[in-house]
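Asks: Chains D and A, in that order, are what the protein sequence lines are. Just so you know, the first sequence maps onto residues 0 to 316 in numbering that gives the first Met the number 0. Just so you know, the second sequence maps onto residues 0 to 345 in numbering that gives the first Met the number 0.
Keep in mind that the hints were calculated from the coordinates and are not lab data. A hint or two may mislead.
[Stated by the list, open to error] Pairs of lysine to any residue, SDA-like flavour, derived with a Cα cap of 20 Å: (1) Lys294(D) x Val203(A); (2) Lys209(A) x Leu283(D); (3) Lys113(A) x Arg270(D); (4) Lys24(D) x Gln215(A); (5) Lys209(A) x Thr28(D); (6) Lys107(D) x Pro84(A); (7) Lys209(A) x Phe261(D); (8) Lys189(A) x Asn213(D); (9) Lys294(D) x Lys209(A); (10) Lys94(D) x Val203(A); (11) Lys113(A) x Ile45(D); (12) Lys209(A) x His284(D); (13) Lys24(D) x Gly115(A); (14) Lys107(D) x Lys112(A); (15) Lys113(A) x Asp62(D); (16) Lys45(A) x Phe261(D); (17) Lys24(D) x Glu99(A); (18) Lys24(D) x Lys113(A); (19) Lys45(A) x Ile3(D); (20) Lys110(D) x Asp162(A); (21) Lys209(A) x Ile3(D); (22) Lys112(A) x Pro15(D); (23) Lys107(D) x Glu99(A).
Below are the chains, spelled out letter by letter.
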Amino acid sequence: MSTIDVKVSAIEQVTPLVKHFTFVKEDGTVFPAFSGGSHVVISLNIGGRIHRNPYSLMGSPEDTSAYHISVRRQERSRGGSVYMHENVTVGMPFKITYPVNLFSLAKKARKHILIAGGIGITPFMSQIADLERLGADYELHYAFRAPEHGAFAERLKKTCGNKLHCYVDSLGERLDLSVLMGNQPLGTHLYVCGPNPMVVSVFEVARNFGWPENHIHSEQFLAPPIGEPFKIQLARSKKEILVPAEMSMLEAIEAAGVEADFLCRGGACGRCELQILETDGALLHNDHFLTDAEKASGKKIMPCVSRAKCERLLLDI
Amino acid sequence: MTLVFKQETFRDDYRYSNSPSGIKRFPFPFAEDQYMYSVNIEPHGKGKQGSVNEFAFDVDEHYVAECIDKGITLEQDPGRYESLPHMMDAQWDFLELTMESHAQDYPDHFTLKKNGLNWNWENKPLGIKDSFVFGDCSTLPMDPFEYMGRQVQGDFVLLDQRDETLYADAGFITSQADWSLAFNIGMSWKEWHGPVPRVTELGVMDRALKYLMNLQLGSPVRRLNWTMTINPRLDTSPENYPFWGGDRNKVNKENVSDLVHLRVELQALFRLPRSNGIVFVIRCYLINLKEIATYPRWSKRLHRVLKGLHPDLIEYKGLTKFHPLAVDWLSKFDDGATIELGTQPE
Ligand code: FES
Numbered sequence: 000m001s002t003i004d005v006k007v008s009a010i011e012q013v014t015p016l017v018k019h020f021t022f023v024k025e026d027g028t029v030f031p032a033f034s035g036g037s038h039v040v041i042s043l044n045i046g047g048r049i050h051r052n053p054y055s056l057m058g059s060p061e062d063t064s065a066y067h068i069s070v071r072r073q074e075r076s077r078g079g080s081v082y083m084h085e086n087v088t089v090g091m092p093f094k095i096t097y098p099v100n101l102f103s104l105a106k107k108a109r110k111h112i113l114i115a116g117g118i119g120i121t122p123f124m125s126q127i128a129d130l131e132r133l134g135a136d137y138e139l140h141y142a143f144r145a146p147e148h149g150a151f152a153e154r155l156k157k158t159c160g161n162k163l164h165c166y167v168d169s170l171g172e173r174l175d176l177s178v179l180m181g182n183q184p185l186g187t188h189l190y191v192c193g194p195n196p197m198v199v200s201v202f203e204v205a206r207n208f209g210w211p212e213n214h215i216h217s218e219q220f221l222a223p224p225i226g227e228p229f230k231i232q233l234a235r236s237k238k239e240i241l242v243p244a245e246m247s248m249l250e251a252i253e254a255a256g257v258e259a260d261f262l263c264r265g266g267a268c269g270r271c272e273l274q275i276l277e278t279d280g281a282l283l284h285n286d287h288f289l290t291d292a293e294k295a296s297g298k299k300i301m302p303c304v305s306r307a308k309c310e311r312l313l314l315d316i
Numbered sequence: 000m001t002l003v004f005k006q007e008t009f010r011d012d013y014r015y016s017n018s019p020s021g022i023k024r025f026p027f028p029f030a031e032d033q034y035m036y037s038v039n040i041e042p043h044g045k046g047k048q049g050s051v052n053e054f055a056f057d058v059d060e061h062y063v064a065e066c067i068d069k070g071i072t073l074e075q076d077p078g079r080y081e082s083l084p085h086m087m088d089a090q091w092d093f094l095e096l097t098m099e100s101h102a103q104d105y106p107d108h109f110t111l112k113k114n115g116l117n118w119n120w121e122n123k124p125l126g127i128k129d130s131f132v133f134g135d136c137s138t139l140p141m142d143p144f145e146y147m148g149r150q151v152q153g154d155f156v157l158l159d160q161r162d163e164t165l166y167a168d169a170g171f172i173t174s175q176a177d178w179s180l181a182f183n184i185g186m187s188w189k190e191w192h193g194p195v196p197r198v199t200e201l202g203v204m205d206r207a208l209k210y211l212m213n214l215q216l217g218s219p220v221r222r223l224n225w226t227m228t229i230n231p232r233l234d235t236s237p238e239n240y241p242f243w244g245g246d247r248n249k250v251n252k253e254n255v256s257d258l259v260h261l262r263v264e265l266q267a268l269f270r271l272p273r274s275n276g277i278v279f280v281i282r283c284y285l286i287n288l289k290e291i292a293t294y295p296r297w298s299k300r301l302h303r304v305l306k307g308l309h310p311d312l313i314e315y316k317g318l319t320k321f322h323p324l325a326v327d328w329l330s331k332f333d334d335g336a337t338i339e340l341g342t343q344p345e
């Protein structure tokens, strides 16, 4: 996956729990434009281990001089949010992926309803810029815990005017999904991003009202397949290698100086297929190439995307 | 790099040929003696200097003639360019991608100056110079997609991604080969990709679709496809079959090496930034048997590939009428010696 070298150009504390980071490109050129709802994956080196965290791009897609993300501090996660809050300073370099959009607006929708809970507001910031630019019909429903947690509510009011509806939990305000969703014109698309219970109830209510399944969109991140490190043995080249968490099996084989076949590096073309001679663990197939039966047989693996949980995986290469 | 553009025609008198360097860089598609359909998708990265993969969009000696031919086809049939209303962002994405790469890779021929949203574009080979406001259609003489579609070699389809599939919601098709189904605007991936004979393995198209839906910005991919065409004709569309279909009957022993052309399509796919759509570029390269025979490696290889081609594929690719003549002509170059794997000319 291609990456972009960036550095932090500004950090702002937006709410007690949310920090806003601005990135510019290391080489001073502009970023690619992107579409509303896109995210980037940032690689963080925390104590020698690489974490890859996806964050929604918050700025206007038109502004390519900088990328903006917001990070909520998640105490219980061992991931990167605490690191982002405590260790990241202005000027620090990072590698990020090109923008990826797994939460894009349905361009043919008659109307768009956006529902955000808490930090779930972030992907909508760029979507709203797109909707405004296209002059689309939309409503934004934004629920948060208490007034001080309504990150960006002020800014949104300016952009969205009366299309913004806020629900502050501490003031006893509630978003009534049945009222909202029971009364929408045909061809309306709904987008939700927030805590899991919120997403689940949106889908439930939608189903009850008979909304078409493909008119409901929820944010889902797809980080590059990383996982735990594991060991593999190469039968023909007589090598044992450790596949680190942040490398694919194919990359590790290449790094060990063994020539391996590949084409797409995305689990689609089948070129990198390797025969498994022996293994003592479980295979984690992430490819689109092998049939379910082949995956179940445990005889083949696509090293460009797939991994394993094992000590021994003897490959015919 | 300064290119010299040839004066050529892709219809009527067919004044077209490849220069020696054009022959040498031809994207010969057969690495093996046997042709098998495969999902041969690979990253469309910067290729070898001088090769057709050196840049994202290859400009060659046929550039001016091809653009003129596009103009003629469009004039006769304006329906070759079509775009649904929700594709406007993708149209501007296409304009940006093509202008930027042409200006960056061929600075002697194309220049792009940006001042915020005020852009100046100069295309020297075609004598075009325009100033416009990026994103404002009223400042261009036509839709942005049509505007650049006329100035870039190849055919283009803009795909919208929704409902777990891709829809061909805009197209600029002036050199469509007859291998594809009649292309209709708004078709979904599945409607567009009919079954290919001899692709016995189920799900090839489904897998290709999944892969493309994951296509990343900044990481374009490509594949080669091929067929054969009589005469160096770009527009072998089903609509115009009456104008070219009969040419297949004109092939004989004497003219086979002049008339029969290997037609290679370099298909490239790029994720588009603003629209999250995909542009599917179908770039056509033509070379006749005589030119191929410049390199013994190629004439031998092509002989073997054609000779061993399954009858279903011969029919599917529309080669039935002239296939034996082509195999026969090529056979005199084939001494049966082993040829190593690879597509290189020498
Ligand atoms: S390289 Fe294509 S499936 Fe692995």
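Asks: So, for every hint listed, does it hold in this structure?
Replies: For each hint, the structure was consulted:
Simply put, Lys294(D) and Val203(A) have alpha-carbon atoms about 17 Å apart, close enough for the 20 Å limit, and the pair holds. Annotation: proposed proximity of Lys209(A) to Leu283(D) holds, straight-line Cα distance about 19 Å (limit 20 Å). A distance of roughly 42 Å separates the Cα atoms of Lys113(A) and Arg270(D); the hinted pair therefore is violated under the 20 Å criterion. For the hint linking Lys24(D) to Gln215(A), the alpha-carbon distance of about 19 Å falls within 20 Å, and the restraint holds.
Straight-line distance between C-alpha atoms of Lys209(A) and Thr28(D) comes to about 32 Å, which puts the hinted pair past the 20 Å bound. The suggested pairing of Lys107(D) with Pro84(A) holds, with an alpha-carbon distance near 9 Å, which does not exceed 20 Å. Between Lys209(A) and Phe261(D) the CA atoms are separated by roughly 18 Å; this keeps the pair inside 20 Å, and the hint holds. For the hint pairing Lys189(A) with Asn213(D), the CA-to-CA distance comes to about 18 Å; that is within 20 Å, so the pair holds.
Annotation: proposed proximity of Lys294(D) to Lys209(A) holds, straight-line Cα distance about 18 Å (limit 20 Å). Annotation: proposed proximity of Lys94(D) to Val203(A) is violated, straight-line Cα distance about 34 Å (limit 20 Å). The suggested pairing of Lys113(A) with Ile45(D) is violated, with an alpha-carbon distance near 40 Å, which exceeds 20 Å. For the hint linking Lys209(A) to His284(D), the alpha-carbon distance of about 15 Å falls within 20 Å, and the restraint holds.
Distance hint between Lys24(D) and Gly115(A) is fulfilled; the C-alpha atoms sit about 18 Å from each other, no more than 20 Å. The hinted pair formed by Lys107(D) and Lys112(A) fails the criterion: a straight-line CA distance of about 33 Å is larger than 20 Å. For the hint pairing Lys113(A) with Asp62(D), the CA-to-CA distance comes to about 15 Å; that is within 20 Å, so the pair holds. Using a Cα cut-off of 20 Å, the hinted pair Lys45(A) and Phe261(D) holds, with the two alpha carbons roughly 17 Å apart.
In summary, the hint linking Lys24(D) to Glu99(A) is supported, as the alpha carbons are separated by about 19 Å, within the 20 Å threshold. A distance of roughly 19 Å separates the Cα atoms of Lys24(D) and Lys113(A); the hinted pair therefore holds under the 20 Å criterion. For the hint pairing Lys45(A) with Ile3(D), the CA-to-CA distance comes to about 17 Å; that is within 20 Å, so the pair holds. Under the criterion of a C-alpha separation no larger than 20 Å, the hint pairing Lys110(D) with Asp162(A) is consistent with the structure, at around 16 Å.
At most 20 Å may separate the alpha-carbon atoms for a hinted pair to count; Lys209(A) and Ile3(D) exceed this at roughly 25 Å. Straight-line distance between C-alpha atoms of Lys112(A) and Pro15(D) comes to about 44 Å, which puts the hinted pair past the 20 Å bound. Restraint check: the Cα-Cα separation between Lys107(D) and Glu99(A) comes to about 29 Å, which exceeds 20 Å; the hinted pair is violated.
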